[in-house]
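K.L.:
Once you have looked at the hints, place chain B on chain A.
The primary structure of each chain is shown beneath.
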Amino acid sequence: MAASLHTTIDDARSSVVPGGTRWPRLDVIWAIGRIEAKQMLRHPAFLLAVVFALLLFRGAIGASSETGLVLNLAWVVGGLAIGTLIGSVLTANVAALRARRDRLLELYGSLPAPPESRTAGVLLGLVIGVGGLSVVVGALAWYAFERLDEDLAAGADPFLFGQYLLSVVALGAIGVAVARWIPTVLGGPLVVIAHVFTGMIWIVPWIVPTDSGIGVAWHLTYVIAVIAACSAAAFLRDRRTIARGIVAASAFVLAVASAVQQTPPGGY
Amino acid sequence: MSAPTVEIHDVRKRFGRTTALQGVAFDAAAGITGLPGPNDPGKTTLLRMMATVLAPDDGRLRVLSWDPQVADERLAIRRRLGYMPQEPGFHRSFTAFEFVDYVAILKEMTERRARHDEVRRVLGLVGLDDVSGRRIKALSGGMRRRVALAQSLLGDPDLLVLDEPTAGLDPEQRLRFRELVSDRTADRTVILSTHQTEDVAALCQRVIVMLDGQVLFEGTPRELTQVADGRVWLADDRAAGARLSWRTADGAHRNIGEAPSDADLVAPTLEDGYLLLVGDRAFAEEAA
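Quick mapping for you: the protein sequence lines, in order, are chains A and B.
Using the working numbering, the first residue of the first sequence is number 1, and each one after it goes up by one.
Using the working numbering, the first residue of the second sequence is number 1, and each one after it goes up by one.
So here's chain B without its partners, still in its complex pose:
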């Protein structure tokens, strides 16, 4: 792994009596790091910290080699950061162009012609050039999400923090998103939080699985998939040792769990690995 772009050491965060992060530690380097899983407050809190909008209670965080706790270094991070929040807001009376242009100004792009060219470029990247003059309140949910993605791409940032960027996108738009993110050069870093495990499998070089404010797994997509090696099989019915089981289109049951010795094993997917990892943890807690 190349030099880390994001370094997180024993980071903790509480909101009142609720613990969002309890001693999280991992590094992320150039490439795409995925955080799969459902909407998790800890995951979102961590992304907000990387985006410099939230400070940890304890622990050490370095982003692009700078410390976000130091004002000057925080500013340096913000100048090289693209951030798409989980619930992006919009000025609904603005057109898509006006909104992205406004964000571009706040990114200190003040030379008008160059800024407008950049706004047109990012709107083109997300396929919104045709509707850039339309007011945001008239755009569909998927289009609005693409506007939010477009603003994060302004200035081709070194670090892109994307919280659920594919939520609400149709399959074609999701494929386009994959194309867009994977096209970024190798020296850029993307932190991608998503509940779509297919996106993680298709895009990410590294995977971090978080649960209850802790890192449950850190490795490659292949390693996460290997968690389910020998634990996915097909049967006529739901098997006794299966944690999860569903009927597939051809009528057979796909079972995930502790396979019997004579099971008809099939190749696992990253989703199987994820489900088993999270399920194992829940199972262990239940047993305890």
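Next comes chain A alone, as it looks inside the complex:
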């Protein structure tokens, strides 16, 4: 009886921890964000994603007969860019899942900072950690494009750079929302697999060159709306309020509308 009761308590635990305060403190979020940023960047899921993408690009470009600094930079930059995009989903997902997976909801429930502090801290950590690294990767790519090859220089523009940074954050936010609503370690990998192999990535792409005819403003609106919708969905899981539901639904509607609006006539 004791064992079954313990199981019942464990099952019910996360839903019975009563909240303490309505709003998380900004200084708490900032402090958590700093720690989460470091933890995300050094997490094996993130490192493996980056290494995997680097090897993939090295293999693809290494097959070319051409060699030289440009190509070497191309595979490094390409690998890092794709690696940070994939790694962002995985590491943010793991970070948002950590308290539940490590059976810390009971302890954290007894502390004054509400669960929203941790959610906000993970999102902030995503921005300053993986997002910060993406700024470096983006700058490196820009340098490579601008300085080393005239053909590539034509493709380097602020829109592309901005899309990449926002996409890294958006994919991480998806990882956080998935962790909150589907609390399993398979959530992150499944998002990546579903995204690539169901063709979703080609229907509503993340990063699109300006000359594809895409509606630039709508595309940026779309990516920002995805970030807002996923963040609101994650906070909604922490505490279900009507206001949060309205924000999440509105952001979702905006994401869908801007996804449709951004598409050029006849597709990409």
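FYI, nobody ran anything at the bench for these hints, they're computed from the structure.
Note that the Cβ used here is the ideal one computed from N, Cα and C, for glycine as well.
Among these hints, one or two may not hold up.
[To be verified] A few chain A residues that face chain B, going by a derived Cβ cut-off under 10 angstroms, partial list only:
#1 TRP30
#2 LYS38
#3 ARG101
#4 LEU105
#5 LEU107
#6 PRO114
#7 ALA251
P.N.:
Positioned in the frame of chain A, the structure of chain B alone reads:
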């Protein structure tokens, strides 16, 4: 007894068809209150309520003079509470320092230097200063428990709720734990759940014995020991009236139960009192 820090009146809790607490009532004041006995769901449920992570179905609970059912008061309790759950979890990829630091942030200690000083202080109190930079997954079970104890001590809380803090600790660590807890000033309250009756005898000013979700005994360790007065004796063999009997190191049998008139009575311990109290209840239920 000074003003109660924890007041529990007719508290009830059910999980589905199972009753964990059925009308529990007692007060705990400054000092150390022990809840001895084996892992009991009712005991753990009660500690979770004191730690504000579980609400009662019925009854009244006040912690540090506040009502945990009221959001603002619950927050006030959490700011003055230290809690070590029965099965403490850890971020295993964090170092001991990082983990305690993370908990410190969630305790709203946001000034970095002061927080780090406090983390070093509590890790030092539990004797983990040497391994604070080691990842938790590389620490032994006893060390991990000390990490869990360390986080509960952050900020020198007014109320410390400890669920089985000495489980998995070696004898030296247990003595160190006793030293640490007993060193706390007289105006602090410690609620200590443990299956080690020696810890209760050594540390606690008050004892609450719970069984099947009810309070079976409330009093001092001396009063619990007195339950076994005249009911513990030595004999060459297991005696007929003994509920429990075991052979001691010098070959004699230590019997606990209804002693014969010519029994060689010995001074009881708190454990004897506890065993008889729980045994009497089981015996009465069996007879009924």
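K.L.:
Work down the list of hints and note, for each, if the structure agrees.
P.N.:
Quick rundown of the hints versus the structure:
no. : hint   : verdict
1   : TRP30  : holds, 8 angstroms
2   : LYS38  : holds, 9 angstroms
3   : ARG101 : holds, 9 angstroms
4   : LEU105 : holds, 8 angstroms
5   : LEU107 : holds, 6 angstroms
6   : PRO114 : holds, 9 angstroms
7   : ALA251 : violated, 27 angstroms
Checked against the numbered hints above, the structure breaks only hint 7 and satisfies the rest.
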